[in-house]
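Quick mapping for you: the protein sequence lines, in order, are chains A and U.
Take any residue in the first sequence, note its place counting from 1, add 85, and you have its number in my numbering.
Take any residue in the second sequence, note its place counting from 1, add 961, and you have its number in my numbering.
None of these hints come from the bench; they were simulated from the model.
Note that this is a predicted model, so its numbers are computed, not measured.
Note that the Cβ used here is the ideal one computed from N, Cα and C, for glycine as well.
Careful, some of the hints might be misleading.
[Said to hold, decoys possible] Each computed EDC-like pair below joins lysine to aspartate or glutamate, with the alpha-carbon atoms no more than 16 Å apart: (1) U:LYS1089 - U:GLU984; (2) A:LYS247 - A:GLU320; (3) U:LYS1002 - U:GLU1095; (4) U:LYS1089 - A:GLU312; (5) A:LYS270 - U:ASP1077.
[Said to hold, decoys possible] One side only, chain A facing chain U, incomplete, derived with CB under 8 Å: (6) MET171; (7) GLY254; (8) SER257; (9) GLN262; (10) GLU312.
If you want the building blocks of each chain, they are given just below.
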Amino acid sequence: MKRFHALMCAVVLAAVAGPAGSADIPLDQRRSGYADLGRDTKAMQDDDTSNPASLGVQDGEALWSQKAGTAGKACAECHGDAAASMKGVAARYPAFSPARKGPIDLEQRINLCRTENQKAEPLAFESRELLALTAYIGRQSRGMPIVQSDARLTSAIDAGRKLFTQRIGQISLSCAQCHDDNWGKQLASSLVPQGHPTGYPIYRLEWQSLGSLQRRLRNCMIGMRAEPYAYGAPESVELELYLMWRARGLTVETPGVRP
Amino acid sequence: MTARAAMGVLLASLAGGAGYADELLPYRIEGNAVPVSLTGKPGDAARGRTIVTNRTLGLCLLCHSGPFPEERFQGNLAPDMRGAGTRWSTGELRLRMVDSHRLNPDTIMPAYYMIDGLNLVAPAFRGKPLLTAEQIEDVVAFLATLRD
Chain A
86 MKRFHALMCA VVLAAVAGPA GSADIPLDQR RSGYADLGRD TKAMQDDDTS NPASLGVQDG
146 EALWSQKAGT AGKACAECHG DAAASMKGVA ARYPAFSPAR KGPIDLEQRI NLCRTENQKA
206 EPLAFESREL LALTAYIGRQ SRGMPIVQSD ARLTSAIDAG RKLFTQRIGQ ISLSCAQCHD
266 DNWGKQLASS LVPQGHPTGY PIYRLEWQSL GSLQRRLRNC MIGMRAEPYA YGAPESVELE
326 LYLMWRARGL TVETPGVRP
Chain U
962 MTARAAMGVL LASLAGGAGY ADELLPYRIE GNAVPVSLTG KPGDAARGRT IVTNRTLGLC
1022 LLCHSGPFPE ERFQGNLAPD MRGAGTRWST GELRLRMVDS HRLNPDTIMP AYYMIDGLNL
1082 VAPAFRGKPL LTAEQIEDVV AFLATLRD
């Protein structure tokens, strides 16, 4: 019966979601959303003094050496200089967590250190502190290539691809139908980007604030009139992981600026 | 169990299971067309135009462009609407609106009068088609006027 159920689920998914018929973007044709920014927005991202996300990075730097939790330890006490210890870390997240036997994203990894090493409350998703620490750690990988090559994550990447290519929402579109099949075209006033997560957390001009990759994905899902996955849900992390795998080799831009 | 048998079970369960399917008016497909008005009445082309240009209701101009000089930022993911009424019969336009997926399973154009088989629909939109039968007829009436 279990087998039968699994088969039914597979068939139902295939029939309901339908194959969207999308093909991967050839590796050498991939481009970051940065490439399509206007000159002013590019300049804003490029120059730390004009990048509005720099405030968040500075915030994160301060938090890095602040004691927290009942253990009374700062991140810096265990990790030292982030410029050395955190270099390249954000470029390979989400990463495999042996404890969870699956991928965790950078925000979840930071919160693991909060709860297990600092004995502090986890930080809320999209809180100023969590965005700041994520931006600060992300900044240490700026200019480095995104790496996703951990064989233990293959099945999670596949799960992420399924989420990316299934039709969802009242509008019944898949992420791939816009970002693989129709990038470069105009969706009314917005240019459809390839959807690479190269700059997160980003300062989004529409938000007038720093925001995470998961927040950005929620925006697309709400546009599709779909119910967004919860922050930190396995589906959210699998999508993030698939996006990072899809962007492997592209350069980390954190903190990015986007329209 | 073969895949085909499973499909049969699935179709039966979809047809029987979705209680709100009853809310949609039944329609008949003939070839590539739905020849008869969903409401039994002709639509209103002027109202259809306001639906087509409304970006949160019709959504059409996110993807399409058309003869709407007052509308800035029209999309280019889809063909221009000019001449749609010459290229297609009213019944063909109606099927395109009701269930575009039947014409092209891979299309990005939403099926505007379909509530079954959708996945992860946000609660506010569950069990509701994108447009009502009246609105579909208004849009079809408007599209039929696009001749050149």
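- Message: Of the numbered hints stated earlier in the document, which are not met by this structure?
- Response: Of the numbered hints given earlier, those the structure breaks are 5 and 6, listed in rising order.
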